[in-house]
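> Please build the complete structure, drawing on both the sequences and the hints.
Chain by chain, the residues run as shown.
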Amino acid sequence: MSTGRGKESDSIDWSQYPKGDFFDEMISDKGNPRAASRRIVSALSKLSGEELESRRVAADRTVRDMGVSFTVYMDGSNIDRAWPFDLIPRVIGEVEWKRTEEGLKQRVKALNMFINDVYHDQQIFKDGVVPDYLLKDSKNFRPECVGVNPPRGVWAHICGCDLVRDADGKFYVLEDNLRVPSGVAYMLENREISKRVLPELFETNDILPVDDYPEKLLSMLASVSPRKVRQPVIVILTPGIFNSAYFEHAFLAQQLGVELVEGSDLVVGEDDCVYMRTISGLERVDVIYRRIDDLFLDPEAFNPDSVLGAAGLMRAWKAGNVGLVNAPGAGVADDKVVYAYVPKMIEYYLGEKAILPNVETYLCDDPEQREYVLANIEKLVVKPANESGGYGMLVGPHASEKDHKTFRKLVQENPRNYIAQPTLQLSTTPVITGPGQVEPRHLDLRPFVLQGKTTTVTTGGLTRVALKKGSLVVNSSQGGGSKDTWIVAQGGKKS
Amino acid sequence: MMLSRVAERVYWFARYLERVESMARLINVYTSLLFDLPKDTGISWHNLVIASGSHHEYERRFSVKDEKRVVRFLLEDTSNLGSLMSSLRMVRENIRTTRDVLPAESWELVNEFQIFVSENMQQGLNRRHRTEFLGDIVKTCQQINGLIYDTMRRDEAWHFLVLGRSLETADMTLRTLEAGARMSGDCIEHDSVHVTDAVWSSVLGTLNAIMPFRRTMKVSLNGEDSARFLLEDTLFPRAVTACLLDMRASAAMLPRGLAVGKAVDGLIKQVEKGDGYEDVLVALPAHIDELQRQLGGLHNVINETWFTPG
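Chains A and B supply the protein sequences, listed in that same order. Counting from -5, one number per residue, gives the positions in the first sequence under my numbering. Counting from 48, one number per residue, gives the positions in the second sequence under my numbering.
Wrong hints could be hidden among the right ones.
As the list claims (entries may be wrong) - Non-contacting residues of chain B with respect to chain A, defined by C-beta distances greater than 10 Å in every case (computed):
no.	residue
1	Arg52
2	Trp59
3	Thr144
4	Thr281
5	Leu301
6	Val318
7	Glu337
8	Gly343
9	Trp353
Said to hold, decoys possible - If we take Cβ atoms under 8 Å as the criterion, some of the chain A residues that face chain B in the derived model are:
no.	residue
10	Leu182
11	Ile235
12	Arg271
For the record, the hints were derived by calculation from the structure and aren't laboratory data. The C-beta atom is built at its ideal place from N, Cα and C for all residues, glycine as well.
Written as structure tokens, this is what we have:
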């Protein structure tokens, strides 16, 4: 391997780190490492440029060898891409994390109470806390779910809440993903990769483990089984190999030791129970962790043309014969307009103040707020209420006049479908950009919250990072990368 | 516990992989046989199309039955579902979603295989490099099978591989015999009886059976004994009976394998009934025909038992 014409390359010079005007996760305004990151910064400084480069190459190779990939749809075909991974971990102190975790649990609890309310008494609308137009034009409200009682009133068993830090260094909730949030497999794989390529860091830092997630997921799934048996039959339902998250579906099935099924493997009997077709005959299924959207779940209840799900699943679920995770209809709270009301919901249902703040949000449906959005569109981020994956949005400061005009028109035509938020001063963290070179890049964090009999939060979550300089887009489908996320006991050293 | 869909895909993976190898073998042996035979034997490239079982499709589309068209049709024509390229595509399709039950490296090998074949197809179409190209294909199939044989647990997935592979091998042996009988018939009609030995030698050669035949039958090569050996031998892995015995053993290891075991036994009995192997114009083709029909029935029993429950 060439090392650049024999020139000695140096280790990272943190004093030259080109920190911008943003809050940096690792380096403070004075150029010193933040408390939680002190050990890792000093350990990285001890690696020569060549050593660091060889670790980077090893990480790439590990990603490839472990077959960690994601699928992108491009030019009419599906391409399997290696998962982009940056070596330097993102570090969060344990004390700060504990508080964040509490905030997430509180939020998901309130969201579940909201969804349950939506499909039962709709008291929150009657009490005038939330306007009822939210339901009337909601794309994700499922009238088929009204009156259904899933175990413990939990609808969104798995939430992937996106957190960002603003210029003040505080965590804000950017969105709640309550339908089929993905990414947790990459969180687990990122830890595997960094253990392999930076083993010495794990000896000197007190890094909290993440690998109990499959265990927690399995017990959560078991807890919604309608049959109270010791080993309920759990399956993961995938739309198939062409789905962008197929890697994750297969990974989780292997980790949990459950079958990865496609719709055609399932059949709903006349007894309204779900069975899967095995070589020993039909076997009853108790819990389905479904990774396909509501509308494709059951051609009998929703889209009759869909071949992804299985006819009768809704029937079986309503009869209480199978657990569906997340429950159909849970997506009603996965709406950026509903999002704006979450702090109020927390007060309404739990009688508590929200621990985690929302990002300031303008509802285009409100005439006054809409006027503000139309007048200031070039400063704002405008998002459709029901999209995910970073599609169909406008980043005002980075967009052209023409785009501003297009979005002004879209907002005016369908105000209910749009919200706007100020452009955040998204925090940054160092990313390796060349041998011995680091530069700041923007990032976010997706922790996963599980709610079944108990509520648990992943240790940290999936950190996604924009790889392009100045870019705010972190989605892997749009060229983002990722980092291992460390929750470390502050100042703590392993004894 | 194994999903029916996964079992079915593993089974078809094995069947198609076997088809790829068989097709490469068949074309190779024919290519060398036809160069050895005098022009007036009446044996033509079209026999290859018949042996591959796709003559209806061929005749619907082409009237000329020359080497160029036949080889292209059997090797690269993806609109012919029986072509080597079509089978290889199905190998890949069937392994895609069953990667978790097969050795991890097999997926990589299959990918490389498909790339190799598409990039070098021209070599198979031209006579000059054909032998080498087809030889490489056979080797790659054996490499994949070797990897699986060496590293796979003898679990349920393994037994579905055995079922698929054995059934396909038995089918291929029957087709090769059928082609042999037909060519012998052609020879007799064209009064060139002296070349029938070359025909049967090519039949055995297609299945790598010349040496095993000699060591087992201890007679000079002839049609009657070739047919008997390829149908009734219990130890040569490409002989129909040997394939059936493997299937019976695997069926016994699978849940609800009883019906399949019974069907296999019935087929073994049918093979044993064989008589009149020397009559290549009527008795032998009729016997083979009946066996092929029953082999198709055996597939249906497998399908009903494991792949379509409920």
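> Hint numbers the structure violates, sorted upward?
The structure conflicts with hints 1, 3, 5, 9, 10, although it agrees with all the remaining ones.
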